[in-house]
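56 is the number of the first residue of the sequence shown in our numbering; add one for each residue after it.
Hint data in this document are derived by calculation from the structure and do not stem from the laboratory. Keep in mind that a hint or two might mislead.
Claimed, not checked - Pair by pair, the computed Cβ-Cβ distance ranges are:
hint, residue 1, residue 2, range
1, E114, V184, 32 to 38 angstroms
2, R163, H140, 18 to 24 angstroms
3, G155, P178, 26 to 32 angstroms
4, A223, S60, 38 to 44 angstroms
5, R163, G211, 20 to 26 angstroms
6, A227, S60, 23 to 29 angstroms
7, K87, S60, 15 to 21 angstroms
8, F62, Y226, 30 to 36 angstroms
9, R141, Y226, 22 to 28 angstroms
10, N166, L74, 22 to 28 angstroms
As the list claims (entries may be wrong) - Below, simulated BS3-like cross-link-like pairs (lysine-lysine); rule was C-alpha separation at most 27 angstroms, straight line:
hint, residue 1, residue 2
11, K116, K137
12, K87, K66
13, K116, K66
14, K72, K87
15, K87, K116
Every residue gets a Cβ at the ideal spot worked out from N, C-alpha and C, and that includes glycine.
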Amino acid sequence: MSSLSRFRQWKLLHFTKPLRDRSLFRFVVENKITNLVRFGLESEEHLANLIQLARQAAENKPIRFIGIDRFEGTAGTSVGLKSAHRLLHRMGISYRLLPGDALPVLMRFANEITDVQAVVFSPGWVPDVHDRTWFYLPRMMAPEGKVLLAPNDEDGAYRAVDRVQAEAIGYASLTPRAA
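Please model the complete structure; the sequences and the hints are all you need to start from.
Put into structure tokens, the structure is as follows:
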């Protein structure tokens, strides 16, 4: 796929709707993200824009993308497994698509996923602080890696959690809670 024009990149970074996407795109560009895990693929267009922005910001360094989604397993999912494969293959990046819910997928693959600069949770995928998903995130992350949590509304910005905070939340999620 062709790279984005300067105008198209500027438009995505300053006028994308919903506003939460704008904050995600800016984070990817400002931090030159090349290794990304995404929980919940929202749409093909959104995914293509995200990858193209990452590729341009990283000055054409190789992009590694891992997408975790229920794909056809849930009604209303906008990206199917086959169409996601086709899109990412056309873009010529290193990718892996893992179908399923966050915790079972991470329990199986967390040790294979390494040096991740950004772990992005889409709306509807954000784990609460007691979710064991947090336990698996730090082992996947690069030292400077961030977890980006989608806001509750479309006009909010993604909230960044660094590796140290994610590790603290992860260990807290393992402690038994009083009944």
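Results for each hint:
1. Separation of E114 from V184 is about 37 angstroms and conforms to the stated range, judged on CB atoms against 32 to 38 angstroms.
2. Distance hint for R163 and H140: a CB-CB separation of about 19 angstroms, consistent with the stated range 18 to 24 angstroms.
3. For the pair G155 and P178, the beta carbons lie near 18 angstroms from each other, so the given range of 26 to 32 angstroms is not met.
4. Distance hint check: the CB atoms of A223 and S60 are about 42 angstroms apart, consistent with the given range 38 to 44 angstroms.
5. Between R163 and G211 the C-beta distance comes to about 31 angstroms, which lies outside the given range of 20 to 26 angstroms.
6. Checking the proposed 23 to 29 angstroms range against A227 and S60 shows it is violated: the Cβ atoms sit about 46 angstroms from each other.
7. Evaluation of the 15 to 21 angstroms hint for K87 and S60 yields a pass: the beta carbon distance comes to about 19 angstroms.
8. Remark: the range hint 30 to 36 angstroms for F62 to Y226 is contradicted by a beta-carbon distance near 46 angstroms.
9. Look at R141 against Y226: about 40 angstroms separates their beta carbons, and that is not inside 22 to 28 angstroms.
10. Against the hinted window of 22 to 28 angstroms, the Cβ-Cβ separation of N166 and L74 comes to about 36 angstroms, which falls outside the hint.
11. Using a Cα cut-off of 27 angstroms, the hinted pair K116 and K137 holds, with the two alpha carbons roughly 26 angstroms apart.
12. A distance of roughly 18 angstroms separates the Cα atoms of K87 and K66; the hinted pair therefore holds under the 27 angstroms criterion.
13. A C-alpha spacing of about 23 angstroms is found between K116 and K66, which places the hinted pair at or below 27 angstroms, so the restraint holds.
14. Distance restraint check for K72 and K87: the Cα-Cα separation of roughly 22 angstroms lies within the 27 angstroms cut-off, and the hinted pair is therefore satisfied.
15. At roughly 10 angstroms between alpha-carbon atoms, K87 and K116 fall within 27 angstroms of each other, so this suggested pair holds.
When held up to the earlier numbered hints, the structure conflicts with 3, 5, 6, 8, 9 and 10 and fits the remainder.
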